[in-house]
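Enquirer: Given the structure of chain L, go ahead and fit chain Z onto it with the hints provided.
Here the protein sequences line up with chains L and Z, keeping their order. Under my numbering, the residue at position 202 of the first sequence is numbered 202, and the numbers go up by one with no gaps. Under my numbering, the residue at position 216 of the second sequence is numbered 216, and the numbers go up by one with no gaps.
Keep in mind that the hints are not guaranteed to be accurate.
Stated by the list, open to error - Once the Cα atoms are required to be at most 35 Å apart in a straight line, the calculated DSBU-like pairs of lysine-lysine come out as:
{"no.": "1", "chain 1": "Z", "residue 1": "Lys170", "chain 2": "L", "residue 2": "Lys388"}
{"no.": "2", "chain 1": "Z", "residue 1": "Lys487", "chain 2": "Z", "residue 2": "Lys598"}
{"no.": "3", "chain 1": "Z", "residue 1": "Lys169", "chain 2": "L", "residue 2": "Lys395"}
By construction, these hints were calculated from the structure, which means they are not laboratory data. The structure presented is a predicted model; accordingly, all values stated were derived computationally and were not measured.
Here is how the chains run, residue by residue.
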Amino acid sequence: MEYVLLQAVFLPLLLSPVAYYLGRKSGPNAATWFTFGLLLYCTTIMIAPVLSGTYEEHYPWTKMFGEFGFLLDGLASPFAIIIYVLSTVLAIYSKPYMVAKITEQFEEKMHHQKQLVGDGQSTAIIESSALKGYLNNQIGIYFALYLVFAMGMLGTVLATNLIEFYVFFEVMLIPGFFLIAFYGYGARRRIALLFFFWTHVGAVVLLLGFLAIGLSTGSFNFAEIREERIPPDILAFAAVAIIIGLGVKLAAFIFHIWLPYAHAEAPTPISALLSPAMIGIGAYGIIRLIVQLLPGQYEHFSLFLNLWGLATMLYGGAMALMQDDIKRLFAYSSISQMGYLLFGIGSASALGLAGSEMMYVSHGLGKGLLFMMAGAVILQVGTRSMTKLGGLAGKMPITAVCAMIGALTIMGIPPTSGFMGEWTLFYGALQTAIQEGSTIRMVTFGLGLVSTVITMSYILWMMKRVFFGKLPENLSNTKEASWYITAPMMVLAGFTIVVGIYPDIFFNQIIPFMKGVVGV
Amino acid sequence: MALEIAGLDLGTGALNGWAIWILPFVAALIVPGVAKFSSRGTSAVAVAFALMSAISAVMLLPSALEGNEIHDQIPWISSIGLKAGVLADPLAIMMANVVGWISFLIMVYSTGYMKGDKSITRFWFWMLFFIGSMQLIVLSDNFLQLFFGWEGVGLASYALISFWYQDKKKDHVGTEGYTALGVLQYYSPTHAGMKAFIMTKVGDIMMLAGMLLIFAFAGTFGFRELTHDTAWATAMSAQGLLVPAAVLLFGGAIGKSAQFPLNEWLLEAMTGPTAVSALIHAATMVKAGVFLVARLGPLFFALAAVGIAMDQFFEIIAWVGAITALLLATQGMVSPEIKKVLAYSTGSQIGYMMMALGIAGLSQQFVDGYTAGFFHLISHAMFKASLFMAAGSLLHIVGSRFMTDMGGLRKHMRKTYAFMWAAGLALMGAPFITTGFWSKDAIFAAVYESGNTWAIPIFTIALITAIITAFYTTRMIGMVFFGNKSKHIEKMEKEGHHIHEAPKSMWVPYGILAVLTIGIGIIGLSAEEGIHELFTEYLSNTFGISTEHEVAMESEPILGGFLSGINPIALMASLIAFAVGFGLGYIFYIGRFVDPVKFVNSNLFFYAIHKFFLNRWYLNSLIYWSFVTAPLFFARGIWRYFESTVIDGMNKGSEKAVGWSAKVIQGTQTGISQSYLYVFGAGILFVVLLLLI
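One chain only, chain L, in its complex shape (with noise of 0.2 Å):
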């Protein structure tokens, strides 16, 4: 098991130069199953070192710096299965998609330059010829960025170092920005320059507060890092840099400006990559970094961090009910997600920190679904205002059914993951509330309930929008979308009912080191 991660984290990146290679010599296709075939290998090889329990990798790096580590342990194995598995899923997924919306690009870009020239003589087999170089080119470059970007977020959650964070934090960031810049709808130039600039100062910030706490310790090491060692008021504005920080990726009330735009508007398997792996990776620096390296503060900060989700959970799912574009309404939807997860966080409870990251596996699984049923829907019907929808279900039954038990997911409705996570999230916060005698506690556990009321009904309205009720004349030809979208669905659906039915598969990882966190 030497070097596992190192591969599973770095192979991407090195062979990202091959994908884009194979996509311009042969094509979607041989890009599509190179990247697909290369995620699977290091998916497959991370599965050993997560079944071992805590496993560690060490490489020297700077003096400066410290070392330059990978760290798969209770917290950080769940993250990294849902960012393998929803990476490797949605590469098929991408084929279709990618194709479509490329071609559709190509034709603007065409009527674009006709327009230009004014004459209209360019005969079709010139392009179709351009198309296909077109294509090839950019397929290439997208599964390109798509490689960088699952190994930025992959490295993110097992850095053992707060500069080897940093930089993969904004590692993700980047072919992020590209991707949407380049593949996205509407004005996605100035959507993904949004996107960049918001997570950016995000990012900053955190970096402000890494900086903090490294010059005061004298390491970046995780390991070496001590709350005791650090002067009191930085202490306390490092905690509150680092929370700003992820609270700006984790898109918490407020701090939610950039993602509307971003997930609505960047391609679609981009949305699901976006939407449920990596806004969580939030939730994943606010334990690591808050609940595990600072104790102290994050004592002072639960009630705090346990507010404002409450605050994002209600605000985004009143939102989302506002929506009639499906992506927004899903975009909105991951902020009143985040907002469950912060909830859970701010619990102060071995279980509420375990539910919260219980949540964001099945949301990951669950929004992954909605976000593959949007494109799918897109790609078939060619629109995402769900006044122009309906009816669907009889239509595109796989996409439908998958859809639902993503819903249920999203819902927490047993037997899916969801449920796992809520229960678990909300035993959390009111043992907690129950522990300290307090008041506002009980009435935020009391309100959170409320808010999955709120979720369930945004969420079954916009399936009656989508799939049921009378079918628009215009869209009786519709088609079930292809296997290349329908199988990574079934695989997630599959996965979210397991994982709801016999939850310690993640539990197993979860609850011993929530425990040992939190110090029970």
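Expert: For chain Z alone, coordinates are given in the frame of chain L:
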């Protein structure tokens, strides 16, 4: 043989306990596979598995009658130390048999009712999923596992209510365009499904909160563990959290059993296929709440032994039941749709069961009310399933959900007519020959004898409700089968549609249940006594609830002969209720001596009260206003004036700020050497001045 297996071999018994709920799930999973080969095969598989599940349940019956208990556990979420298990005690086994056999009959009925439906596979999947979930509720040995079933039946209910998701006009319920307080009382299947799921979810989160509260103190979800060691209850009671937790748990039952104030979803649930209405919204799922109370009632009542009184909890149950019983019965009197009448009636009858279970906890003889409630559950499950299936036949043949579109059908559908009378009489509580009479009488007696301060008001409500029940049942049968044929039927006949009896696969199941209702009704008293004995033993063995019932009985001189053991006042009340209700119904709808429409319009008071009932006491409208319209309005306000302006403004603001600062800096980069020199000179001057000072 069956007795030997179930009674003596505990291992096989446990296996049966698991099989009862796992078999339907297995069938649900294989049905879509079978559908690939033959669509007729799916029906066979579905019915066969439902039968197997029911047989597994009946195999356990001997063990239940001996008062045995099967409790089998396997590891589940070991990281938290939770186990999964089946708990087949007499209560669970009786319930499992009721659910199992009624489900089986309804599955048989469905083969006729759903014949030719394109989505038959989906139908079987959800029906089987439902049966599995329901049996899971019944047989779970802990709250968390029960909650899986609890949400499972909710999900199945949602899926089956919106089964005809294309929202065709004929599948709606309510009168098109009819509004009350500005809220449209006309619902599409998908709307109704959502309404049901969300409304029951409100109950579910209460239940979840109650479960988690208990778990926080007890560290276990297991029912038996909670009974054996009651330290958790003492601790909770000391903090004043026990009654709230119990009431929150009851909240789940309120939602699932459509009790006041979460009763409104059940009416719209009638958009589903009638087989679904019979199975889920009459015979089984709505009983889940009653079952939960029956599961938990003794547990909480037994806490009296450690000095914890749960009176408030039981009072709430009794009152919620009483209010619901009356509320929904009054609405049942005026509804023009046959399925809605039955739905109102279901909610109202469940109110009776809740009333009995609540009263049980308030009286000395816990077992009396407990038996009465459960006996009513069994008898109601039989006659209401029968009535619903018969109503389904009517809908199937007539093609309309309105009773005003029926009329005069008794000559054309003789079997349905007869069976509907049998089951209807049970609902009315026709004396001495129907199960409904005995179970209702038992409830009356339990309430009357409880000796609680609330006994008399609740008894009065129960009596009034019983009168109304007899009235609306007579009205329903009168409107459907008596009088002249409606215009709708005449039109159908003109168009060449022949009004005929329902096919055999349909009338046999409801025929069986109707006959059973009368059959068991004739031996009703001894049946009730049997259950009474069984529960007396069960409650004292498991919960240590002793009873001095027999002694109390002997001291009172009561009616002699076969009526011994009956409270005379309760008996009088039952007889009067039936006589008055049926008599009034006969005058208006069977004898047709008075035209009810003219009667209602003849005087403002009757008109107003008719309107009030028809508009569902305005409860539905108020719920829509306060929980749908108002929150959406509020959210829209935030969307417009905060999210789209303030939050989005931050994007534009930052964009402008960057642009502005760029311009400022750009402004200084003029490229003119003179201005650079001026600034340079001014800078030097400034520094020199600083140094000098």
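Enquirer: Confirm or reject each hint.
Expert: Verification of the hints:
At most 35 Å may separate the alpha-carbon atoms for a hinted pair to count; Z/Lys170 and L/Lys388 meet this at roughly 24 Å. Between Z/Lys487 and Z/Lys598 the alpha-carbon distance is near 19 Å, which keeps this suggested pair within the 35 Å criterion. Taking the CA atoms of Z/Lys169 and L/Lys395, the gap is near 20 Å; set against the 35 Å cutoff, the hint holds.
Checked against the numbered hints listed earlier, the structure breaks none of them; every hint is satisfied.
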